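Enquirer: Sequence:
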Amino acid sequence: MNRETILVVDDSDELRDSVVNYMLEPNGYRCIEAHNGFEAFDLILSQAPELVLTDLQMPGLSGLGLLYKMRENGIQVPVVLMTFHGSEELAIEVFRLGVRDYVIKPFEDQELLEAVERALSEARLRRERDKLMEELVVANRNLSYRVAELEALFEVGKTLTLLPSLSDMIEQIIETSSLLLRARRTIAYLLETPGNTLVEQAIKEERGPVVFTGRAMRDSLVEATIRTGQPGASAEPFTDPATGRATMQLSAPIFIDRRPVGALSVDISPAEESDRLLNLLAHLADYAALGLAINRLRN
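Letter by letter, the sequence shown follows residues 38 to 336 in this note's numbering.
Hints were generated in silico from the structure; no laboratory data involved. Just so it is clear, the structure is predicted and the values come from calculations on it, not from any experiment. Using N, Cα and C, we set each Cβ at its ideal position, and we do this for glycine too. Some hints here could point you the wrong way.
[Stated by the list, open to error] Derived CB-CB ranges, DEER-like: (1) 175 - 58: 41 to 49 Å; (2) 267 - 155: 52 to 60 Å; (3) 79 - 307: 34 to 42 Å; (4) 276 - 181: 51 to 59 Å; (5) 251 - 316: 58 to 66 Å; (6) 162 - 282: 38 to 46 Å; (7) 161 - 58: 20 to 28 Å; (8) 110 - 181: 31 to 39 Å; (9) 169 - 330: 44 to 52 Å; (10) 114 - 145: 23 to 31 Å; (11) 279 - 249: 13 to 21 Å; (12) 165 - 54: 48 to 56 Å; (13) 85 - 212: 44 to 52 Å.
Taking the hints into account, I'd like the entire structure generated from these sequences.
Expert: Below, the structure written as structure tokens:
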């Protein structure tokens, strides 16, 4: 069943009853009714029907007046006119006001149903076109994001090979990770001797600078990713005690010559695409490993 909503507008209770109860609803359409153009306009605003089926001549606001009122308010619901013989010329004139078809009273069931279906089919195609256009816009926007990410990764790869100090390298990788992943918090960890102690090298809050800390820390997700050698995410969103916001944590290990040397960790909004961002974080961890390896060779 279609269950598309059709607004039936006519000052004749008998005609509306016939159209609604014997023609439209038995064929799967949902119907709402109005006696005149004023009532119809209120229902168009409140219930957004997919089609308006209206008489042309009515007391108060006529069908023609309703069409002009719809046009003045930018309402583009398709319309089928029900008109008496002799009004065809006027009906043709109002096609530019949104009328898609018309039937001449008295009309047969099939005649009305065919006119309704033609108008609705056109509306369905238009909605499908609009939906595809929206999806295309989103796809193009996402493609632009991906290209920007790849360009940023390429640039950070070049930059890290030129930075003279470990602190410069850490600051650059944190700034890049924070920007690309839209992170609320970004932390770089390194394993230090004795005992491969996990040390928080530097941290960046959402809108703050990179702050170097050098403090030993415990973080179960970071430790798990270092142990397994695989990037990972928190199983469920959690409430950040500092901000009270729902948060997801992502972590990616940093390896040099197959040995773990640290990790990158970011906190993001649960609404973000965590799988894609985790993959991006893993690439950034690889660049961090490259920067660390070059720094060690220099020293």
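Enquirer: Hints first: check each against the structure and report whether it holds.
Expert: Hint check:
{"no.": "1", "hint": "175 - 58: 41 to 49 Å", "verdict": "holds (43 Å)"}
{"no.": "2", "hint": "267 - 155: 52 to 60 Å", "verdict": "holds (57 Å)"}
{"no.": "3", "hint": "79 - 307: 34 to 42 Å", "verdict": "holds (41 Å)"}
{"no.": "4", "hint": "276 - 181: 51 to 59 Å", "verdict": "violated (33 Å)"}
{"no.": "5", "hint": "251 - 316: 58 to 66 Å", "verdict": "violated (29 Å)"}
{"no.": "6", "hint": "162 - 282: 38 to 46 Å", "verdict": "holds (43 Å)"}
{"no.": "7", "hint": "161 - 58: 20 to 28 Å", "verdict": "holds (25 Å)"}
{"no.": "8", "hint": "110 - 181: 31 to 39 Å", "verdict": "holds (35 Å)"}
{"no.": "9", "hint": "169 - 330: 44 to 52 Å", "verdict": "holds (47 Å)"}
{"no.": "10", "hint": "114 - 145: 23 to 31 Å", "verdict": "holds (25 Å)"}
{"no.": "11", "hint": "279 - 249: 13 to 21 Å", "verdict": "holds (19 Å)"}
{"no.": "12", "hint": "165 - 54: 48 to 56 Å", "verdict": "violated (33 Å)"}
{"no.": "13", "hint": "85 - 212: 44 to 52 Å", "verdict": "holds (47 Å)"}
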